[in-house]
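Colleague: Here's the letter readout for the chains.
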Amino acid sequence: MPDRSVTRKSGDLSVLRSSTAWFSVVFGLLVLIGWAFGIESIKRVFPGMVAMNPMTSVLFVLLGVSLIGKESQRGARMNTLATLLGVTVVVAAALKIFELLSGMHLGIDTWLFSKDLATTLQPLPNRMAPNTAVNFVFLGSAVLFLDTTCARGRRPSDYLATTAAFIALLALLGYAYRIRSMTGLSQHIPMALNTAVTFLITAAGVFCARPKLGWIGIVTGSGPGAATARLLLPALVLLIISIGWMRIYGETAGVFSSELGVAIYTLIIIVLCVALSLSSARSLDKAAVERRQIESQREVAFAEIKESDARIRSVLDTAYDAFISIDANGKVIDWNAAAEKMFGRSRAECMGQTLSGLIVPAQHRIAHENGLSRASSPAGPSGNFLNRRVEITALRRDGSEFPIQMKIWPLVIGKRRTFNAFIADISEQKTAETKIQRLHLELVAKAGQLENTNHELEAFSYSVSHDLRAPLRHISGYARMLQEDVSEKLDGEASRYLNEIVDAARRMGVLIDNLLAFSRLGRKAMQHTNIDMRAMVISVLQENPNPLVCEVHIDELPEVSGDPQLLKQVWTNLISNAIKYSTPRGDAARIDISGESEGSIVRYSIRDNGVGFDMRYVDKLFGVFQRLHSDEEFDGSGVGLAIVERIVSRHGGSISAIGNLGAGATFTFELPVNGNPDLANLQQIQEKES
Amino acid sequence: MNYQHVEILLVEDSKGDAEMTLRTLKRRGIANQVEWVRDGTEALDYLFCKGQFAERATGHPKLVLLDLKMPKMDGLQVLKHMKLDASTRTIPVVMMTSSREEGDLIASYELGVNSFVVKPVEFDAFAETVAQVGMYWMIANQTPG
Numbered sequence: 000m001p002d003r004s005v006t007r008k009s010g011d012l013s014v015l016r017s018s019t020a021w022f023s024v025v026f027g028l029l030v031l032i033g034w035a036f037g038i039e040s041i042k043r044v045f046p047g048m049v050a051m052n053p054m055t056s057v058l059f060v061l062l063g064v065s066l067i068g069k070e071s072q073r074g075a076r077m078n079t080l081a082t083l084l085g086v087t088v089v090v091a092a093a094l095k096i097f098e099l100l101s102g103m104h105l106g107i108d109t110w111l112f113s114k115d116l117a118t119t120l121q122p123l124p125n126r127m128a129p130n131t132a133v134n135f136v137f138l139g140s141a142v143l144f145l146d147t148t149c150a151r152g153r154r155p156s157d158y159l160a161t162t163a164a165f166i167a168l169l170a171l172l173g174y175a176y177r178i179r180s181m182t183g184l185s186q187h188i189p190m191a192l193n194t195a196v197t198f199l200i201t202a203a204g205v206f207c208a209r210p211k212l213g214w215i216g217i218v219t220g221s222g223p224g225a226a227t228a229r230l231l232l233p234a235l236v237l238l239i240i241s242i243g244w245m246r247i248y249g250e251t252a253g254v255f256s257s258e259l260g261v262a263i264y265t266l267i268i269i270v271l272c273v274a275l276s277l278s279s280a281r282s283l284d285k286a287a288v289e290r291r292q293i294e295s296q297r298e299v300a301f302a303e304i305k306e307s308d309a310r311i312r313s314v315l316d317t318a319y320d321a322f323i324s325i326d327a328n329g330k331v332i333d334w335n336a337a338a339e340k341m342f343g344r345s346r347a348e349c350m351g352q353t354l355s356g357l358i359v360p361a362q363h364r365i366a367h368e369n370g371l372s373r374a375s376s377p378a379g380p381s382g383n384f385l386n387r388r389v390e391i392t393a394l395r396r397d398g399s400e401f402p403i404q405m406k407i408w409p410l411v412i413g414k415r416r417t418f419n420a421f422i423a424d425i426s427e428q429k430t431a432e433t434k435i436q437r438l439h440l441e442l443v444a445k446a447g448q449l450e451n452t453n454h455e456l457e458a459f460s461y462s463v464s465h466d467l468r469a470p471l472r473h474i475s476g477y478a479r480m481l482q483e484d485v486s487e488k489l490d491g492e493a494s495r496y497l498n499e500i501v502d503a504a505r506r507m508g509v510l511i512d513n514l515l516a517f518s519r520l521g522r523k524a525m526q527h528t529n530i531d532m533r534a535m536v537i538s539v540l541q542e543n544p545n546p547l548v549c550e551v552h553i554d555e556l557p558e559v560s561g562d563p564q565l566l567k568q569v570w571t572n573l574i575s576n577a578i579k580y581s582t583p584r585g586d587a588a589r590i591d592i593s594g595e596s597e598g599s600i601v602r603y604s605i606r607d608n609g610v611g612f613d614m615r616y617v618d619k620l621f622g623v624f625q626r627l628h629s630d631e632e633f634d635g636s637g638v639g640l641a642i643v644e645r646i647v648s649r650h651g652g653s654i655s656a657i658g659n660l661g662a663g664a665t666f667t668f669e670l671p672v673n674g675n676p677d678l679a680n681l682q683q684i685q686e687k688e689s
Numbered sequence: 000m001n002y003q004h005v006e007i008l009l010v011e012d013s014k015g016d017a018e019m020t021l022r023t024l025k026r027r028g029i030a031n032q033v034e035w036v037r038d039g040t041e042a043l044d045y046l047f048c049k050g051q052f053a054e055r056a057t058g059h060p061k062l063v064l065l066d067l068k069m070p071k072m073d074g075l076q077v078l079k080h081m082k083l084d085a086s087t088r089t090i091p092v093v094m095m096t097s098s099r100e101e102g103d104l105i106a107s108y109e110l111g112v113n114s115f116v117v118k119p120v121e122f123d124a125f126a127e128t129v130a131q132v133g134m135y136w137m138i139a140n141q142t143p144g
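In order, the protein sequences belong to chains Y and D.
Numbered according to numbering that gives the first Met the number 0, the first sequence spans residues 0 to 689.
Numbered according to numbering that gives the first Met the number 0, the second sequence spans residues 0 to 144.
These are calculated hints, taken from the structure and not from any lab test.
Fair warning: there could be bad hints in the mix.
Among chain D residues calculated to face chain Y with C-beta under 7 angstroms, some are [said to hold, decoys possible]:
no., residue
1, Ser13
2, Gly15
3, Lys68
4, Met72
5, Gln76
6, Phe115
7, Val117
8, Glu121
9, Thr128
Pair ranges (Cβ atoms, derived) [as the list claims (entries may be wrong)]:
no., chain 1, residue 1, chain 2, residue 2, range
10, D, Trp35, Y, Ser629, 42 to 48 angstroms
11, Y, Val509, D, Leu83, 19 to 25 angstroms
12, D, Leu83, Y, Arg495, 36 to 42 angstroms
13, D, Trp35, Y, Asp634, 45 to 51 angstroms
14, D, Gly102, Y, Glu597, 40 to 46 angstroms
15, D, Ala139, Y, Glu597, 36 to 42 angstroms
For every residue, glycine included, the Cβ atom is placed at its ideal position computed from N, Cα and C.
Take these sequences, add in the hints, and give me the full structure.
Modeller: What follows is the structure in C-alpha cells.
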C-alpha cells in the first residue's frame, strides 16, 4: 500500500514542519528566560558546559519566526516580514564573523544581558561561537532561498541547510565523543550543546518546509527508493555514530588499542558499505529487470493495440457504410473510406472539423445541435435518435442533398464521450421505392381497367346469351309452327327445308352455349383438391353416353392437385374426341391413356389410332371454333380443345398434340403436381392484359 | 274488353315468344283466358287495376308467366312489387328467361319467385316446357283462396 504510506509520511512531515520551526522559537525564548532569571539548566543543559549566548537565542527566535512565515506561504506581507527577519539573522551572524575576522569589537553578542555575561567566565567568556555564527548565516540564507531553484533542480537551501546540519552534528559528536576540537574552533568558545541540537532541528525544519522539493523530496517520495531512504538514513547515521562512540569509548577505556580500534571501525564501515552497495546494486538490477519486463510488456501491449487499431481501421475502411465519429463538441474524430466516397470529402479534410458544417443540411442544423447537446448532457446520453435506425438527408461536398439511413450510438470511455454512426446512402432505395410505388399505382389502375373490361365482357356475354337466343328460338318456332299448320300442303323437299332451318337454329344454339361456357371458364374461381386421376378417367368413360365400341387401356395415373370439375371437363373433352375420331376404325379402335411423374410435374397422355390430323395445322388445334374436319365428317363446335387448353393453362400447365394423318393422334398435357393457383391467376391476368 | 276471368297473365316483350307461348297454352288446352302484356309497367297496371286496366274486372290471375329481361321495368322489379304487396303475394310467379345466369337465378329466388325456367332454343322443347309449367301450376298445384 505505497499510496497510504506516502499519505501518512506526508502527514508526519507537516506536523514536523511546524513543530521544528516553533521549537526554534520556543527554545530561543526559553533560553532568554533562563538568562533573565539565571536558570542555568536551561542556558547550558549540563553544569560546566557552555551556555547558549542570549544573542544566539534571539537569532533562533527570529530564524524560527522567519521559517514559519516562509513555510506558511500566506501572502506577500507575511513573506516580506519573513524575509526581513531572515536578512536580520544573516546580517547579525555575518557581523559576528566580521568581528572575529577583523578583531574589531562590535558587541553583537554582548549587547544583551551584558552584566550577566561579564560575570560568566567559566570556562570561557560567553560569546557567540564562530561555528554558530556561520550556521546562522547558512540557515538564515537557507530560509531566504527556500523557494529558489537553480538549473537542474538544484536548490541552494538544500546545500545551505545540509552544511549547517553537518556543522551542528559535528559539534554534537564532539560532545558525544568528548573531543573539544570538534565542538568549536581552536581558542574560541565552542558551540553550546543546546545550540547544536536546536540547529539540527531547525535544519530539519528548513527541509520540511518544502517537503516535496529538493533532497527531502527523495525521502518523502512514493517510490521504493524513498521508502528505503526513510528507513536507512536515520538507521545508518545512528549506527555509525554509535560505532564511532563505541570505538572512542573502547580506546579510552583501554579495551583495545587505537590501531585496533581504527581497524575494527574501518572493517565495520567497509562491511556496511559493501552490504549496502551490494543490496542497492541488487535492488537496482532487480528494478531494471522489472522495468525491462514492464517495458517489454508495454511494447507487446502497444503492438497489440496497434494491430487491433489497424484491424479496426481496415474493417472501418472496408465497410460499405460510411462511419463517422464525433466528440461531445461535434468535432469529427473519425471518417472512414466509405464516408470519403459518400460525402466527397477526404478524411484529412474533415478530421477536427465541426460535423454540422460538413454534411448536415441547413434545415437540420438546429435539430442536430440540440440533439448533440442533449446527448452530451452530464446526466448521460439521451435522445430518441440514439441506437436506432434514423432516416434523414445529408449534404455532399457539391451541396447536393441525398437521403441517408443511419444508426448513432454513444460510446463512453472514461470521461470521454463520443458519438459514432454508420451511415448508408439510400438514394437508390428511395428511387426504387418511388418506382415501386408508381408501378403499384399503375397496376392498381390497370386492375381497375381490367375489372371494368371484365364487367363489360360479362354484360356482353349476358346479352349474347339472351339476345341471340331469342331470334333463334323464333326461327325454330315459326318454322315448326309452319310445319304443324301446313304440313299436308308441303311436299317432301319443302318439309326438309323447314327441318334444316330448325336444325341450323339448334346448332347455333349449341355454339352459343359452348362459347359462353368457354368464356365463363376464365372467370370461374378455381378449387384445389387432390385428385385420383385414374378414378376420374374411369368415371368419365362410364358417363360416356354412346356405347363404347373401342378398346380403352388405362395405365397407372399419378395424382395431382387441381380443380376436379375443370379437370373432369378436360378428360371428358379429350376422351370424347378420341372416341369420336377413332370410330371409323370400328373394332380395331384403341385408346391408350397413360401418365408419368417427373419432379414437380405430372404428365398425362391420351393416344388413339383414329383419323389423326395433319401436323401442318397443329397450331389451329386449340383455337376457338377452329376445326380440322367438316361437320359432315365429324360433329363438333370447335370449342372442346380450346376449353381443354384454357383449363390446363389455368392450372399452370401446358398441352401439346402430335398427329399423323390417318394413323391417330396423341394429346399430352402437363400439370404442376401441387397445383399452382398463383401462377394460374397470373397467367389469367396476363391473358386478359394481352 | 274481355270480361271472362283471366287465368294466366303473360308478361313478355318478345312478340315471337308470346305468340309461341299463347299457341302452346291454347293448343294444349291449358288456359282459355290468357292476358298478354308487353312490359313490367303494364303488368303492374294490370295487377293493381291502374292506367289502361283501371276498368278491368277485379280478380287476380291464377298464374303469372314473367319474362325476365324487358324494357323499362324488368321481371325482377315486377316480382319485387308483387311479393311486397299482400294482395298479389300469393299469386304464383314463374320467371321465364333465355339464359341461365347465376345472378338472375339467385335474385329471383331471394325475391320469392315460385319457379325459374330457361326457355329452350328449339321450339319442340320450348313448347314442352311451357306446357309442363302450365299443367303443373294450373292443374296440379293448389293455391290459397
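Colleague: Which earlier hints turn out false for this structure, listed by number in ascending order?
Modeller: Hints 4, 5, 6, 7, 9, 11, 12, 13, 15 are the ones this structure does not satisfy, whereas the remaining hints hold.
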